[in-house]
Amino acid sequence: MCFKAKRLFGLALGPVLMLLSAVALAAGGEVSQVNMTPGVTEVGKEIYNLHMLILWICVVIGVGVFGVMFYSIYAHRKSKGHEPATFHESTKVEIAWTVIPFFILIGMAFPATSTLLKIYDNDDAEMDVLVTGYQWKWKYEYLNEQGENVSFFSNLRTSQSEIYNVEDKGEHYLLEVDEPLVLPADTKVRFLVTANDVIHSWWVPELAVKKDAVPGFINEAWTRTAQEGVFRGQCAELCGKDHGFMPIVVNVVSEDEYAQWLDTKQAEAAQIKELMAQTFSMDELMERGKAVYERNCLACHGGGGEGGVGTAIAGSAIATGALPGHLEIGVNGVPGTAMQAFGGQLNDVDMAAVITYQRNAFGNNMGDMVQPIDVFNFKKG
Amino acid sequence: MGDHHHGPAKGITRWLFTTNHKDIGTMYLWFSFAMFILGGAFAMIIRAELFQPGMQLVEPAFFNQMTTLHGLVMVFGAIMPSFVGLANWMIPLMIGAPDMALPRMNNWSFWILPPTFLMLASTLFMEGGAPAFGWTFYAPLSTTYAPPSVTLFIFSVHVLGLSSIMGSINIIATVMNMRAPGMTYMKMPLFVWTWLITAFLLVAVMPVLAGAVTMMLMDIHFGTSFFSAAGGGDPVLFQHIFWFFGHPEVYIIILPAFGVVSQIIPAFSRKPLFGYDSMVYATAAIAFLSFIVWAHHMYTVGMPVAGELFFMYATMLIAVPTGVKVFNWISTMWRGSLTFETPMLFSIGFLILFTIGGFTGLMLSIAPADFQYHDSYFVVAHFHYVMVAGAVFSMTAAIYYWLPKWCGRMYNEAMGKTHFWISFVGFNLAFFPQHFVGLAGMPRRIPDYALQFADFNMMSSIGAFIYGASQILFLYNVIATIVSGKPTSDEKVWDGAEGLEWTVATPAPYHTFETPPRIDPAHAHS
Ligand code: HEM
Ligand SMILES: [Cu+2]
Ligand SMILES: [Cu+2]
Numbered sequence: 001m002c003f004k005a006k007r008l009f010g011l012a013l014g015p016v017l018m019l020l021s022a023v024a025l026a027a028g029g030e031v032s033q034v035n036m037t038p039g040v041t042e043v044g045k046e047i048y049n050l051h052m053l054i055l056w057i058c059v060v061i062g063v064g065v066f067g068v069m070f071y072s073i074y075a076h077r078k079s080k081g082h083e084p085a086t087f088h089e090s091t092k093v094e095i096a097w098t099v100i101p102f103f104i105l106i107g108m109a110f111p112a113t114s115t116l117l118k119i120y121d122n123d124d125a126e127m128d129v130l131v132t133g134y135q136w137k138w139k140y141e142y143l144n145e146q147g148e149n150v151s152f153f154s155n156l157r158t159s160q161s162e163i164y165n166v167e168d169k170g171e172h173y174l175l176e177v178d179e180p181l182v183l184p185a186d187t188k189v190r191f192l193v194t195a196n197d198v199i200h201s202w203w204v205p206e207l208a209v210k211k212d213a214v215p216g217f218i219n220e221a222w223t224r225t226a227q228e229g230v231f232r233g234q235c236a237e238l239c240g241k242d243h244g245f246m247p248i249v250v251n252v253v254s255e256d257e258y259a260q261w262l263d264t265k266q267a268e269a270a271q272i273k274e275l276m277a278q279t280f281s282m283d284e285l286m287e288r289g290k291a292v293y294e295r296n297c298l299a300c301h302g303g304g305g306e307g308g309v310g311t312a313i314a315g316s317a318i319a320t321g322a323l324p325g326h327l328e329i330g331v332n333g334v335p336g337t338a339m340q341a342f343g344g345q346l347n348d349v350d351m352a353a354v355i356t357y358q359r360n361a362f363g364n365n366m367g368d369m370v371q372p373i374d375v376f377n378f379k380k381g
Numbered sequence: 001m002g003d004h005h006h007g008p009a010k011g012i013t014r015w016l017f018t019t020n021h022k023d024i025g026t027m028y029l030w031f032s033f034a035m036f037i038l039g040g041a042f043a044m045i046i047r048a049e050l051f052q053p054g055m056q057l058v059e060p061a062f063f064n065q066m067t068t069l070h071g072l073v074m075v076f077g078a079i080m081p082s083f084v085g086l087a088n089w090m091i092p093l094m095i096g097a098p099d100m101a102l103p104r105m106n107n108w109s110f111w112i113l114p115p116t117f118l119m120l121a122s123t124l125f126m127e128g129g130a131p132a133f134g135w136t137f138y139a140p141l142s143t144t145y146a147p148p149s150v151t152l153f154i155f156s157v158h159v160l161g162l163s164s165i166m167g168s169i170n171i172i173a174t175v176m177n178m179r180a181p182g183m184t185y186m187k188m189p190l191f192v193w194t195w196l197i198t199a200f201l202l203v204a205v206m207p208v209l210a211g212a213v214t215m216m217l218m219d220i221h222f223g224t225s226f227f228s229a230a231g232g233g234d235p236v237l238f239q240h241i242f243w244f245f246g247h248p249e250v251y252i253i254i255l256p257a258f259g260v261v262s263q264i265i266p267a268f269s270r271k272p273l274f275g276y277d278s279m280v281y282a283t284a285a286i287a288f289l290s291f292i293v294w295a296h297h298m299y300t301v302g303m304p305v306a307g308e309l310f311f312m313y314a315t316m317l318i319a320v321p322t323g324v325k326v327f328n329w330i331s332t333m334w335r336g337s338l339t340f341e342t343p344m345l346f347s348i349g350f351l352i353l354f355t356i357g358g359f360t361g362l363m364l365s366i367a368p369a370d371f372q373y374h375d376s377y378f379v380v381a382h383f384h385y386v387m388v389a390g391a392v393f394s395m396t397a398a399i400y401y402w403l404p405k406w407c408g409r410m411y412n413e414a415m416g417k418t419h420f421w422i423s424f425v426g427f428n429l430a431f432f433p434q435h436f437v438g439l440a441g442m443p444r445r446i447p448d449y450a451l452q453f454a455d456f457n458m459m460s461s462i463g464a465f466i467y468g469a470s471q472i473l474f475l476y477n478v479i480a481t482i483v484s485g486k487p488t489s490d491e492k493v494w495d496g497a498e499g500l501e502w503t504v505a506t507p508a509p510y511h512t513f514e515t516p517p518r519i520d521p522a523h524a525h526s
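So the sequence lines, in the order shown, correspond to chains A and F. With the first letter of the first sequence counted as 1, position 294 gets the number 294 in the UniProt record's numbering; the numbers rise by one all the way through. With the first letter of the second sequence counted as 1, position 315 gets the number 315 in the UniProt record's numbering; the numbers rise by one all the way through.
If we strip away everything but chain A, and leave its shape as in the complex, we get (with noise of 0.2 Å):
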């Protein structure tokens, strides 16, 4: 071979190597997922289907196409001594392939559109799951026709030190959170979905669930799984600073055992209310306060209350100075900023140990306190 026709050659040798080079590189460790989940769901096994077929068929035509390019290089090269021919039009070839395409593409179209309609069919869905999008986590609020609603935020687990690689990554890197949304098993699930600031977009691959968030209006999705176990999925629309840092985690049980969470969630939730009508320690308040201000308020504030994206609270003015001013801002955030407002978030005894906590800690050494009762009487006004 001249040395032309080796570089020719590598041209399709290249991809070629590509595609085995990152087989290998991927065998090397646990072998990386390189395909679309088929789920856990009848639309999700449907979905994946689809996108296998359409995918053969670019491969099969990819295959003609490029076979003839390919051949053309190798055979029609001046270097081998070909004469150009002259054609350049033929009306029968141009007609072909444009009206065999188009059917082509109408054979897809078929089951794209039956696949579509299941998608949006959300009709006689059992149970309703409202699920808001927040900078940066996300809310589920289970809709009950009988008793109390129930509904929790679901906030990223995995902590700064394993984000700042100063602790091993765990397995579930990224992909934890500390409350999972729990759904029971072979019940038609539907899924409102909306957010509360900019928009988001709820996509848990297993479930072949994507829906964007958006505030303002609500979307329908639904799913229905006969599996048991635990899905993974992550915020996919950007919405700021921590959009990589939102992930969602759901986990389908039996419905023996969904009954019976729900059961113990809404005992939680009774106990908060008997919580609302006691008085706290200074350190309780305090205890309490830290953990509440991990999970809701260091992303933007910062561990040491330095700042970051909000302002910092070590030595601010708010936080040092008069108490209603400072359960304002907590209570009712400050508008057309990132400073939400955590009023309708968190629960009046949260609400009460995280203010405590911000006058306490980081040097601000207030020495006051705030209890339930008062953010109550201050929500009424």
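Hints in this document: simulated from the structure, not taken from any laboratory. No experiment lies behind these values; they were computed from the predicted model shown. There's no promise every hint is true.
[Said to hold, decoys possible] Straight-line alpha carbon distances no greater than 27 Å define the calculated DSSO-like cross-link-like pairs of lysine-lysine that follow:
1) 118/A <-> 188/A
2) 265/A <-> 188/A
3) 417/F <-> 486/F
4) 139/A <-> 265/A
5) 187/F <-> 492/F
6) 273/A <-> 290/A
7) 78/A <-> 10/F
8) 78/A <-> 417/F
9) 265/A <-> 290/A
10) 92/A <-> 187/F
11) 10/F <-> 486/F
12) 80/A <-> 492/F
13) 492/F <-> 78/A
14) 380/A <-> 139/A
15) 417/F <-> 492/F
16) 80/A <-> 417/F
17) 379/A <-> 265/A
18) 380/A <-> 290/A
Keeping the supplied structure of chain A fixed, place chain F with the ligands upon it in accordance with the hints.
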């Protein structure tokens, strides 16, 4: 101008006040290359942070500024101006015109660009940082929740739009009025055709973009609520307006690239372009369809199912004219007499990789499947195959192809080929694995990722560094050619090249076609 045969003015005023299409084309090309390097530097920061899981180099907020500026600078600073530069240089030469129709406006549309990008880049040093809401700047992240720099961003977009519209009007006026006698529309080189259609797209959609950012400005500073549900507006409205601009925009980027390879492939196949007429019709069809497919970027936003179906069918249809083009290029090579100089290598690279990007585009058009693909790295892979291996490869091919005509010196072929092979391998190593991580569930625009995505991300970063480094070789080769390349005075630098630009002297004199050339009526298009 009194004396028609004067050369360029001396010193800096030559460039500041020039109305010469070649000078302006040169400035556009150098400027876009500088932006390519700047946008590339942002990309290197992104890929360095993504080299390994965990946060190493930058903070998440800065990471978002990098992805945003990378996208904006590459689309509006590198790709678009580079093709405008090429249009300036080549359209008058290809249609036998002495200059562009509106030479003073031409000067203006270039010179408003550099200060604009300077302003945009300077937002990095502002309090609150540069824009961090992605190049698609969805509201309300880009309005209520945006840093103060958003106002400068809006101003930049206005000026860029102004520049593009002026450039387009100029191209339309030139092509419509200044063709040499005998050059009918169906005899124009395809590069001229694709640019003419692109210019109409630009004039149609740039005002829409300007409208979108103006509404943002009103929401931010004047109390309106176009995009805020709290005030009765709708954040999704923003996306409809943006993509009504945005989808035609991607064709604004790729159509001139189609034109370039339609010039180069016949030249190195020594055979006329196959299916010239159908190329023109396919380009027009793509341009038309590009106006009615915008919501394929919004399948998950919560549209009614009838809307989804309409946009899915319309998007799938684009595959037909796109396929026609690919088949035509391959038929042009078929039974030609092929050689593989650097411009041809980059054109073949374009052909292979753009086709792959077209395939993934077809996959993305399937709405139910897009529920899994959308906003994942699969989309990132798709658009880098069409924009980098499509638009940038074709632009690179164009530089190698016409550089000898521009400066009368030959570039170093071995170095050019090396540049191609390093780019080709680096590009694929960078972007092919992104299909895998995307399908496996990695969202785009995240500064850190779960462990199962680690190996492909590392590969991708290595590929990106290789591709980035190969551009240094390119820059060196171009400068070396201009300074000390082997002189050539052949009018026709490439034996298979056709077209009026190859009838003028090499290097192309400062003024060309002061008297229009005669087009042989029997001669087919070039
Ligand atoms: C066969 C032709 C093509 C089809 C059918 C197609 C289809 C699509 C679809 C459906 C999406 C949305 C994916 C998603 O976000 O879920 C998309 C994204 C995109 N495409 Fe294409 N595409 C084609 C060609 C091109 C070309 C030629 C370009 C530019 C040169 C391009 C640039 C882009 C870009 C930049 C995005 C992502 C925009 C963003 O969200 O940042 N595409 N394409
Ligand atoms: Cu997000
Ligand atoms: Cu599009």
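We went through each hint and held it up to the structure:
no.	hint	result
1	118/A <-> 188/A	holds, 13 Å
2	265/A <-> 188/A	holds, 21 Å
3	417/F <-> 486/F	holds, 17 Å
4	139/A <-> 265/A	holds, 15 Å
5	187/F <-> 492/F	holds, 20 Å
6	273/A <-> 290/A	holds, 21 Å
7	78/A <-> 10/F	violated, 45 Å
8	78/A <-> 417/F	holds, 18 Å
9	265/A <-> 290/A	holds, 23 Å
10	92/A <-> 187/F	holds, 22 Å
11	10/F <-> 486/F	holds, 26 Å
12	80/A <-> 492/F	holds, 23 Å
13	492/F <-> 78/A	holds, 18 Å
14	380/A <-> 139/A	holds, 24 Å
15	417/F <-> 492/F	holds, 21 Å
16	80/A <-> 417/F	holds, 20 Å
17	379/A <-> 265/A	holds, 25 Å
18	380/A <-> 290/A	holds, 26 Å
Violated hint for the displayed structure: number 7, the only one.
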